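Heads up: the protein sequence lines correspond to chains A and B, in order.
For the first sequence, position 557 matches number 557 in my numbering, and the numbering has no gaps at all.
Each number in my numbering comes from the position in the second sequence (counting from 1) with 1000 added on.
It is possible that some hints are incorrect.
Taking lysine-lysine pairs in the DSBU-like style, the calculated list, with each CA pair at most 35 Å apart, reads [what the hints assert, rightly or not]:
hint, chain 1, residue 1, chain 2, residue 2
1, B, 1115, A, 387
2, A, 487, B, 1115
3, B, 1143, A, 379
4, B, 1115, A, 379
5, B, 1040, A, 285
6, A, 285, B, 1115
7, B, 1115, A, 511
8, A, 150, B, 1115
9, A, 696, A, 387
10, B, 1115, A, 509
11, A, 446, B, 1143
12, A, 487, B, 1143
13, A, 765, B, 1115
14, A, 387, B, 1040
Across the chosen pairs, the derived CB separations fall in these ranges [to be verified]:
hint, chain 1, residue 1, chain 2, residue 2, range
15, B, 1156, A, 133, 33 to 41 Å
16, A, 120, B, 1106, 58 to 66 Å
17, A, 754, B, 1120, 32 to 40 Å
18, A, 149, B, 1136, 44 to 52 Å
19, A, 549, B, 1106, 39 to 47 Å
20, B, 1110, A, 616, 49 to 57 Å
No lab work stands behind these hints: they were computed from the structure.
On a predicted model such as this, the values are computed, not experimentally measured, just so you know.
The beta-carbon is built from N, C-alpha and C at its ideal position, and this holds for glycine as well.
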Amino acid sequence: MTGHWNDFKNADVLLTCGSNNVENHPESARWVRAACDKGAISIVVDPRYTRSAAVADVYCPIRPGTDITFWGGLINYIIQNDKWQKEYVLTYTNASYLVHEDYSFDVETGLFSGWDESKQKYVTTSWGYQEEESVAPNTGTGGAFAYVLKPGTPEFTPPHKEVPRKDMTLTDPNCSFNILKEHYSRYDIETVTKVCGMDAETLEQVYSLYASTGAPEKVGAILYALGQTQHHYGSQNTRAMCLVQLLLGNIGVPGGSVNALRGEPNVQGATDMAMLVYDFPGYMKWPTVASHPTLRAWLEHETYADGYYTNKPKFFISALKEWYGEHATVDNDYGYDWLPKIGSTDFTTMSTFEQMDAGVIKGYFCWGMNPANSTANTKFARQALSKLEWLVAVDWVETETACFWRAPDLDPAEIQTECYYLPAALIYEKMGSISNSGRWIQWRYKALDPVDEAKPDYEICDLLWSEITRLYREEGGPCAEAILNVKWDYHRDGKIDPRAVSMALNGYKWKDGADWDSRELLSTFGDLGADGSTACALWIYSGFWANNDDRWEAASQKVGGRALEDPSGLGLYPGWAYAWPLNRRILYNRASADAEGKPWNPERNVVEWTGSEWVTNDVPDFGFKTTAADGTVTWTPPNNKAFMMLWEQNARLVSYSLKDAPLPEHYEPFESPADNALNKRQNSPMIQFADHPSVKRGDRSEYPIAVTTYSVVEMWQTGSQTRGCPALVEARPEQFIEMSVELAEEKGIQNGDTVRVWNNRGDVKLSAFVTRRIKPLMVNGELCHVVGMIHHWGWAGMYSTADTVNDLAPNVGDPNSYIPEFKAFLVNVEKA
Amino acid sequence: MELSRRGFLQATGLALGTSLAYELSTQSQAFALEGDAPFKLVNTEEYTNICCYCSGGCGSICSVRDGELVNLEGDADHPINRGGLCSKGATMSQLRNIVTEDTREIVYNPNRMTKPMVRRPGTSQWEEISWDDALFEIARHVKDTRDANFIAEENGVTVNRTEAIASLGGSQQNNEEDYLILKSMRSLGVIALDNQARV
């Protein structure tokens, strides 16, 4: 998130949609309550009357999968009722930028301009800007690209900046703001209620309350989780929330933000580290054949013309230097050619099962993950796993993935996969750092040794690497140098030590022959170079482990900080742990103050221009001063560059950055109980994998009930850990389907009955939980039943087992994130 | 006088041990103990940790005596959870130790598998395997699979990849572990590297 957990307390209004934080993030939810204790209003929009709804001021129901309609209606309401924060929008967003003359959207086809029917994708040129002029990169002294002339920097041509045309009066119909306004004019209250199923009075109350945060001195927070993202247009859902927050001036302000309440303990760190097909550590791109065949192509394709990412080559080259060490030189492009290049086939999680099924993927490592029970369409995933030659599951317990071969629907005798289980240490049986959803990097101290033969993941990985490299040293192999030239020096006294890796992540000055006891750690990524003089595995973490004087002690590093001082009173806690980047607690904090640098609200002062200098309570997220070689500081007076990670340095209303739309547009879930009432196209034109035979689409005539899946506080994900804790099994002994009294009566089902739930992909039995917390909705004038299902059970584990609910979910996904559509699909229900 | 439990431990000093703890406990509701049982955290070492469930980053304190976990609770100093933990976080000690139903003994959680195992093709049972043998066999599989399915070039571009090996996970590991997994897998040429963030 751009803020952090404690920051919720600073909000005037909190809108939770697609998250049940009281149930699933119970401790951090206290900061929502802290806001309410001070008079804030809390709103929950959800298909179910959840625990979060129970403590909210306003609850508004919604049909699963119709969030863009809800947000689009809010955008329309904000503009029609003149609630938008004008100075913020004009100063910090691209509202005034003129969008390409060819931009259009056609309600009849549901398509934006640029659709290529033969390739089934958009050419996004018409979503970009009209060009005013083209400015050459400045490589002169003091210029953003002066560094490219330094010896050791790989040769590349920095990009020209295409300066967009603007209309600050917002009269041109093609300015970004007017396109936005026109686009959402169809999203009126009546249409929204018809599509989403809530009543108009509740909806207007929600819109009115939240739009009130458009007043400059007010701020609103949006809280979301997988309820927004697990759709085939999940990225567009998040874009819609950004648009709302930008229009109301709520990004960068304490108590604002678009807050992703993430669900795994280190999902933030794993994202930072780019444990993802298309990413490179620190939010850069992994090389592809198409865009980055050479290092030069990578640098030219990925370096921005303006803003902070003019520095991107420094981060990338420093990462290569850490990867290959002395083997990375300017003469061999810092080892770039050794890195694997991604081709045209997709290998994200859902696709990996297609590739196993097709025999392409033959070996599989699962590190603390359980796709045989957790991915969408798990029945297909298990069949795909059975085609593997070998599988390695590294975990604490026997997961359904580790023992997929004894799934109830498979015959072990027919499965030739060789399966290994490697026992991993628990979190308190090892040391290391972990990053929470608010970007705080915190240290976990080892409290005791692992039980029996279990080992930390870092040691398991090290042992494997050592054995693999031994084989390559002894036997050779294709491009063995890509393996043998890897720098793997993270040992101390002969044993792998995660603190050496911490130093590598942090970054240091490169010196041939130096080791972890002598390398000079850097306190900021501002000191990184693109010339091989520095090494840094993850630039955004720079500073978290930079104390050279006590380099092996976590408690002496900023990551180990436990200071509870909070000088601003805003809950920033600058001395507690380390928030990337540079210990910045609120991203884009320039936008917390007006064009002149005065905070919108003096109570929420994080940065302030006094007329001669910036006074700050948080680490500034903008160019606020320059320091000359002799140490002279020159303050940078306020300007409009509040979003320096974009080349425009202004946030985007209309955006060309996603593949499927320049503005979020409503489409129905892949399996939906209703026709699209906003345009004539049922699903997003860029839905992924819909044509794969494994998906087996169901129709509403056969499967009329809309379902959303969710979690309960006592259980977690596939339950591998929590079903192994007797206290939790006692508290939550079985799986259930939550259904309305009306549906139960229609189907002759009593509370507690065993029911059968099925569609074309799966067939499960579980208990009925008949409740008034979930109600049928009127959608397009017809009654629509909605049910909710939890998904924490499987056949493995000794205390509690049951059917796998994710057998039912469709393996279709979003074209940007490739996330599956777990949150809205169709089933039928009967008494078992 | 207000004394937090941790402050109390510091104030009294571990050397004074059980008797003083018991005496103090009789004077204060906050320190009330049952019967003659010694204060359970006496003579323990405390280590802070971060919860293994959602991404709230709640702090916890692990109390260890003689190399064994005797208590796990919320870190009262932690700015996010201020000592609280949800039902899952509060039972994290059970990932390691449980109390038996019949004899009420504390034992290692039998649901946890703590030895390397292998399931041979076509069979329906795990077999124990030593770490050395498991690592040897897995490395052999990795090398054979990579080498037989290595793509060095594609359309004149050096690509150095294998599509035959996939790696999934990262959100359950620490940052340092993720880097090692990433670095080893990518260096082998793995493209199919993904984690829970995708879903």
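Here's how the hints hold up against the structure:
1. 1115(B) with 387(A): holds (26 Å)
2. 487(A) with 1115(B): With Cα atoms ~30 Å apart, residue 487(A) and residue 1115(B) stay inside 35 Å; holds.
3. 1143(B) with 379(A): holds (30 Å)
4. 1115(B) with 379(A): holds (28 Å)
5. 1040(B) with 285(A): Not satisfied, since the Cα-Cα distance of roughly 52 Å exceeds 35 Å.
6. 285(A) with 1115(B): violated (38 Å)
7. 1115(B) with 511(A): Violated, because 42 Å separates the two Cα atoms, which is more than 35 Å.
8. 150(A) with 1115(B): violated (53 Å)
9. 696(A) with 387(A): holds (20 Å)
10. 1115(B) with 509(A): Violated. Residue 1115(B) to residue 509(A) sits at ~41 Å, over the 35 Å cutoff.
11. 446(A) with 1143(B): With a Cα-Cα distance of about 33 Å, the restraint between residue 446(A) and residue 1143(B) holds, given a limit of 35 Å.
12. 487(A) with 1143(B): holds (19 Å)
13. 765(A) with 1115(B): holds (33 Å)
14. 387(A) with 1040(B): violated (52 Å)
15. 1156(B) with 133(A): 33 to 41 Å: Between residue 1156(B) and residue 133(A), where Cβ atoms are some 37 Å apart, the hint holds.
16. 120(A) with 1106(B): 58 to 66 Å: holds (59 Å)
17. 754(A) with 1120(B): 32 to 40 Å: holds (37 Å)
18. 149(A) with 1136(B): 44 to 52 Å: holds (51 Å)
19. 549(A) with 1106(B): 39 to 47 Å: holds (42 Å)
20. 1110(B) with 616(A): 49 to 57 Å: At 54 Å between Cβs, range holds.
Of the numbered hints listed earlier, those contradicted by the structure are 5, 6, 7, 8, 10, 14.
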